[in-house]
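Number of protein chains: 2
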Amino acid sequence: MTLTPLPLTAVRLNDDFWSPLMAVNRTATLPIQRHQCQITGRLDAFTWTPGCGRPEPHIYWDSDVAKWIEAAGYSLATCPDPALEKQVDDVIDTMASAQAPDGYLNSHYLVVETDKRWSNLRDCHELYCAGHLIEGAVAYFQGTGKRKLLDVMCRYADYIIATFGTGPGQKRGYCGHEEIELALVKLARATGQAKYLDQARYFIEERGRQPYYFHLEAAARGEDPKNYHFHTYDYLQANVPIRELTEVAGHAVRAMYYFAGATDLAAATGDKTLLAACRRLWKNLTGRRMYITGGIGPTRTNEGFTFDYDLPNESAYAETCAAIALVFWAHRMLHLDPDSQYADVMERALYNGILSGVSRDGQRFFYVNPLALYPPMLNPKDTFFGGRRQDWFGCACCPPNVARLIASLPGYVYSSNPREAWVHLYAAGEAALEVADTKLTLTQATAYPWDGEVSLTVSPETPATFTLALRIPGWCRKASLRVNGKPIGLASITKKGYARIKRLWSPGDKVSLSLAMPVERIATHPKVRHNAGRVALQRGPVVYCLEHVENGSDLNSVILPRSSSFKLVHGPSALGSVPMLTAKALRPDGAAWRDDLYHPIDPKSAGKKPFTLKAIPYYLWANRAPGEMLVWILEG
Amino acid sequence: MTLTPLPLTAVRLNDDFWSPLMAVNRTATLPIQRHQCQITGRLDAFTWTPGCGRPEPHIYWDSDVAKWIEAAGYSLATCPDPALEKQVDDVIDTMASAQAPDGYLNSHYLVVETDKRWSNLRDCHELYCAGHLIEGAVAYFQGTGKRKLLDVMCRYADYIIATFGTGPGQKRGYCGHEEIELALVKLARATGQAKYLDQARYFIEERGRQPYYFHLEAAARGEDPKNYHFHTYDYLQANVPIRELTEVAGHAVRAMYYFAGATDLAAATGDKTLLAACRRLWKNLTGRRMYITGGIGPTRTNEGFTFDYDLPNESAYAETCAAIALVFWAHRMLHLDPDSQYADVMERALYNGILSGVSRDGQRFFYVNPLALYPPMLNPKDTFFGGRRQDWFGCACCPPNVARLIASLPGYVYSSNPREAWVHLYAAGEAALEVADTKLTLTQATAYPWDGEVSLTVSPETPATFTLALRIPGWCRKASLRVNGKPIGLASITKKGYARIKRLWSPGDKVSLSLAMPVERIATHPKVRHNAGRVALQRGPVVYCLEHVENGSDLNSVILPRSSSFKLVHGPSALGSVPMLTAKALRPDGAAWRDDLYHPIDPKSAGKKPFTLKAIPYYLWANRAPGEMLVWILEG
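Respectively, the protein sequence lines represent chains A and B.
With the working numbering, the residue at position 295 of the first sequence is 295, and numbering never jumps.
Take any residue in the second sequence, note its place counting from 1, add 636, and you have its number in the working numbering.
Keep in mind the hints are simulated off the structure, nothing from the lab.
Please read all numbers here as calculations on a predicted model, not as lab measurements.
Each residue gets a CB set at the ideal place from its N, CA and C atoms; glycine is no exception.
Errors might be hidden in some of the hints.
[To be verified] Facing chain A, a subset of chain B residues (Cβ under 8 Å, in silico): (1) Q806; (2) I928; (3) F1020; (4) G1226; (5) L1233.
[To be verified] For lysine-lysine, the following DSS-like pairs were computed, each having C-alpha atoms within a straight-line distance of at most 27 Å: (6) A:K226 x B:K1017; (7) A:K381 x B:K862; (8) B:K862 x A:K584; (9) A:K502 x A:K478; (10) A:K283 x B:K1244.
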């Protein structure tokens, strides 16, 4: 039985982790991103004219504004803000006015290359931008009830349906950057119109078929398809149809959006072969190609995947958008096939490789999220690997992606189906849902992720029998459960990582879940050559790292003895006083080496100096002075 | 007091290490390289005409032929070969015929870009090619007594002297790739003409001065100097004059040839400030930027240097030519400032990072010499990092560089000055020299580098008092010495790494040097982040590595326990039965991980499987089936 996430409006968080982040997102990040869209010309792109003095609208720009609209839609769903709503309405008015009579809507091709519409699907992101505008329209409609942009995007989608397909006179194309697929499924759900789902299916099924549309299209432009910059359509997952893909390859964000859309399609159609493909790709990704932070796509070369077990740390690309897109896919897999492995990955990315993408103050952003930083190797002109979050980027996909994710975070916590209420994430707050034809309030109290004690109050309007499914996180090796104070054995009721408590629930029933949360030393599969002999520190879902501020330099040579135990101490207030881990550690005495580079060693002699290692949550790195950082610590 | 190397003709090796390599070099490598020069058009470059059907002579080509001539000259000095001599004479005839009336001699600019002579010193290697031709001419003259090419090159050098300098009408230029400097010093020594030394001095002193000649020259070509591909003249050591250089930077081969030339100049002129600069650069290089193999220049980006302690293993460029050029510089520093630190580095490069550049059969070559190879990361089209030696390269600098070095190897073993005979390297054979006005034969018997026992017979024609200086290698931690069976304390007679035995020597006196040669675990300075927690195995001067053939895959996760001891066993006959090292080691049980990528570990549990690690000499890697290789082994 599949699941449906609770709508944003049904969930209210009042926890100490996500709620403050959502507030920062609302009060700092969203205004900043509107400002950036304004000063860079994105907000007024549709009214650009030659000679107006503003830069030409770029092919990506609509997607940035669209993600800001989407984030605003989510934010308005949980926290009304008339000023923000007015800002969005103004942008929507501009867009509506700019829409072509046939429904087409893309700033670059409406005002710059006015005769080039649909001439380069491979590189030019038209359908990608359309997809983001659709997501924005759906979110804004659901958050405010206003359907102006939704109607605009339905007209655009209708035009896309008319343009792309296998019928006579239609283009058999699909977008070089997947996104439209999952957006059309959202549009189908929001409008109840199956035609949008059908079009998503067309785009997914057509992709990778021969003769390659991108070949034909390039030839039509007078270009040799062999001159394609990325050489192979692996880069955009269009080398073979999806059911023939055996491993995640190419550009990471493209791949994740694609697989998210395919999972939506499998859920909507019940297509078992498509689900099998998604499961196979999931297994390859999470078993061989994912950083411990949930970051994915190790290399800058293709902003994406390389080969199994290739997870370099210093050069890890691990684009913020890719970890976010992984959450989108994980969330969809979870709802189609309820299994904690999906929620575990979702949680891993949320608490680590995504949150690292934004500064504590919500004002600066990382595009890439390496797992080690060694300052001498940095190119100061490199805004990606420079170890400092940036105000904005020329290609600004990541900042508004973080914003829309954080704004929609309450939507990831709970799900339901007619007979079951599911809790995926632990965060204090309240949810309203209906299970077994009974209205139900679920109240969570917990200090998660810093503490593993979770208390749930289950309050159906009237007593009712249903299942409450609680995720037992993959990181937890010792959990216990009580219902109204009475211990319940977990082994017999836990299936696919969820404890399923089926009983007659009465108003005020108390469920206590106790998740042992010691500091764990995590090792990596021996084929990951970068982490051999090294461990990462993780407590609960939070991965820790060493930063120069507490630990000085040359972190790669720091040794964590196997015998060292850990203490929790309050971290610096600059990082919100979250728990820091300390342990006795060793480091070589650099001074003893003098000018030697190589030295024979006596295996018995240590020559190491003791010190107290202090680890902070990875997601908080680079919020103080820039400097060295390390996740994988040498064990000795 | 400085030293002079013994001429090649005064040294005869009959050892089991170098002599067979020299034979392979003579019988396989030299013919192959002539063949490659022929089939690629290099040998006939000077007779190329438009439409002749052969490829246009490239700006590098003369240097490849020149290095082959130089190698032939050394080989003929120690082993006459009329057929080879005839081949070289033919090439020299072609060159002599092609020389322009003014002395100019460069195939590319004489037959292809005939109006562009000296228009782009920065990029086009004209003086570099001239330098190699001069080195070839000197070697061929010294090896055969034939001076035709020497005379040709004197005429060319005279023209260069007239062209470049600070006088009126002269160009204040210098070559983008250093080489001419050291070549002119060789020419000065071979001819006794100081003008060539003066010209070398001009090139060295002028380099890096402002206004930059390369700026002016680019402007004269109508180019913006800012568009220089490498952005900064660091790349070619021309950002500042040599005395202002504080670290080795830029292209490694360029830097080494430059510093070798500067050391020659310091030796010839007694210039203390120049020597101080060379010493400072040497310290930076060997203390912070040199692989344990003697390889230098870690990155492909500039074929050169990055920053202190940056020594990545898989991506190590460590060009064969750069290690060879390091030997050239080390050899010069050693003779100007007799100190074993220079001979130690020379020996390190010779037995490791240079010999790895050529296959056992002398027929295939590595351009780059990484210290780890992980096959999945290879690009099969990459002839540099593919893990297989190649027949030849488009830019073929390395193969003939190895050939000339091996052919001249006997010249690195001994030196002398009027009162001292010096032994730098240990290799069985005989040397004839004159010390204290007495003719002297030195006979070495040793199985070095596989055994540390060295026996020297000192046979002056008549008894004479002089110093015999024997290098105590830096790798040796326990040495002992006997003269005619009587122990001599080393501490009191060893200075700057050489045991100096001053006595009245009589014909047949026996010196026995015993160098303890256990397997050593070598650690790296803690700032080298790539080798943290890892050790390399070295025995005597030979660095060892693990290869897939004996050790299987996933070598990065192999653990060498601190308690393991080593045994020596005969290696496979495919590698010449040289000693292999074995030790008890551990490796993670990959199968136990199943599909997990991350796993919490109990610090007490091992989960490792024992196996016997087998290490082979690094220089022999990639002589069997291509596969994984590793120098730096995790210690646990």
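Hints, verified against the model:
no.	hint	in the structure
1	Q806	39 Å, violated
2	I928	5 Å, holds
3	F1020	17 Å, violated
4	G1226	5 Å, holds
5	L1233	5 Å, holds
6	A:K226 x B:K1017	17 Å, holds
7	A:K381 x B:K862	17 Å, holds
8	B:K862 x A:K584	52 Å, violated
9	A:K502 x A:K478	22 Å, holds
10	A:K283 x B:K1244	25 Å, holds
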